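Dock chain B against the given chain A, drawing on the hints supplied.
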Amino acid sequence: MPDISLFSVVAGSAEPIYRQLVAQVRRCVAGGQLKAGDELPSVRDLAQSLAVNPMTVSKAFGLLEAEGLVTRRRGLAMVIAEQHRRAQPAADRVDLLRPTLERAAQEVRQLQLPSSQALALFKTILHEHEGE
Amino acid sequence: MNASQDHAVPACLSLRGLSVSFGAQRVLDGLDWQLPTGQVVGLLGRNGAGKTTLIEALLGLREPDAGQALLLGQPSQALPDDVRARIGYVPQRSDLFEWLTADQLLAYFRSFYPRWNDAMVQGLMSRWDIARDKPIGKLSGGQQQRLSIVRALAHQPELLVLDEPVASLDPAGRRDFLGELVDQVVDRRTTVLFSTHILSDLERVAVDVAFLTGGRIALHAPLDELLESSVRLGGVPADIARFVSEHRLQALSRDARGPVVARRRDASGMPPATPTVSVDPATLEDLFLALTA
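Going line by line, the protein sequences match chains A and B.
88 is the number of the first residue of the first sequence in the numbering used here; add one for each residue after it.
10 is the number of the first residue of the second sequence in the numbering used here; add one for each residue after it.
Excised from the complex, chain A in its bound form (with noise of 0.2 angstroms):
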């Protein structure tokens, strides 16, 4: 059964709902939380359970198929494609953290936080989730 609960949205963002969809599979096929074969929740199903228009989830699930990422399958449901079978490696996967942590270290440097604070800031963050 697809996992909805992989997705979700942030409204208020700069970044368009659809974008943040496609980030998130993006990052789940990286990590290997979704593998080749793996379903994508239906259009419907998801813009349900977001409470978001379908037409944005449908542009964000073109958008993957476009990337290769997904690919339709006979029917409605889309799938996570053929070669996508394992995790990238973790160096690769880094590289996907690295716009995030670009506009932290920004706000680091206006707040003119030593990075010392800020990085144990970051690994408290990081272990408070492990917990969970």
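These are calculated hints, taken from the structure and not from any lab test.
Quick caveat, the model's predicted, so the values are computed rather than measured.
Don't be surprised by glycine CBs; every beta carbon is placed ideally from N, CA and C.
Fair warning: there could be bad hints in the mix.
What the hints assert, rightly or not - So the derived label-pair ranges between C-beta atoms look like this:
hint	chain 1	residue 1	chain 2	residue 2	range
1	B	PRO284	A	ARG114	32 to 40 angstroms
2	B	ALA302	A	ARG113	32 to 40 angstroms
3	B	GLN43	A	ALA207	53 to 61 angstroms
To be verified - Looking from chain B toward chain A, a few residues come up when the C-beta cut is under 7 angstroms (computed):
hint	residue
4	LEU187
5	ASP217
6	THR292
Just chain B now, kept in the frame of chain A:
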């Protein structure tokens, strides 16, 4: 459903030179606007910008001083009953008959509409927990608003006009309502005009957004495209002005009070920040503040 939906339909809504004044105050000032069929469009404006006046005028509930409003191809001021039956409207203030019970009200409206969907009505009444046999005047504001939404959805309108439909709903109620709206859009390709100041709700469901300010629609664009092409600039005005002209940006801010937001004219990436000008992606809130100041 009916066959007329199968061939090309005229623009769902077309407004030309619409003006409405209250005394000396001109609320709508020669407003032009087209609403594409089958889209969810968010109408944004500050309090007092004239959103309700615009909605009332386009529905033919308020006579404009000048200009023309066409709704589903017909003049709004003289809508035939069969066209009126294809429109659903949730007014900002509940206009339900307060002495009737919800069941009596729905039975009354049902008699006017050939496409009344009783199964949906019954489902929503139970799911939304609306008391059926209390006088409507005794229901809470949130329950009255839900009932008003049920009434507007019940006849499966082609065009749904919502004037601040969620103002008295709590977050859970708003979520239920958005889910229902999503269902409507999937099933029937309903055109939805949605006025609200709750930007987070709008962001989830609107494909296009339109900003009402100064009595006109200042901008109507697809939300995704607007977010991707807009930046918020920080710095002193002279540096920002130079930056905007160097990168050939289109300044969107109407005055100096709100954030400075500018839009790229082409598909080029975000212009890089300089030591004197900061560049951040703009949010819908930035755009709202900039465009409706």
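Hint check:
A beta carbon spacing of about 33 angstroms between PRO284 of chain B and ARG114 of chain A agrees with the range 32 to 40 angstroms that was offered as a hint. Between ALA302 of chain B and ARG113 of chain A, the C-beta spacing of about 37 angstroms keeps the proposed range 32 to 40 angstroms intact. Range check, GLN43 of chain B to ALA207 of chain A: Cβ separation about 55 angstroms, and the 53 to 61 angstroms hint holds. For LEU187 of chain B, the suggested interface contact is upheld, since its CB lies about 4 angstroms from the closest CB of chain A, less than 7 angstroms.
For ASP217 of chain B, the suggested interface contact is broken, since its CB lies about 11 angstroms from the closest CB of chain A, more than 7 angstroms. Checking THR292 of chain B against chain A: minimum C-beta separation of about 5 angstroms stays under 7 angstroms; hint holds.
Consistency note: the structure conflicts with earlier hint 5 alone.
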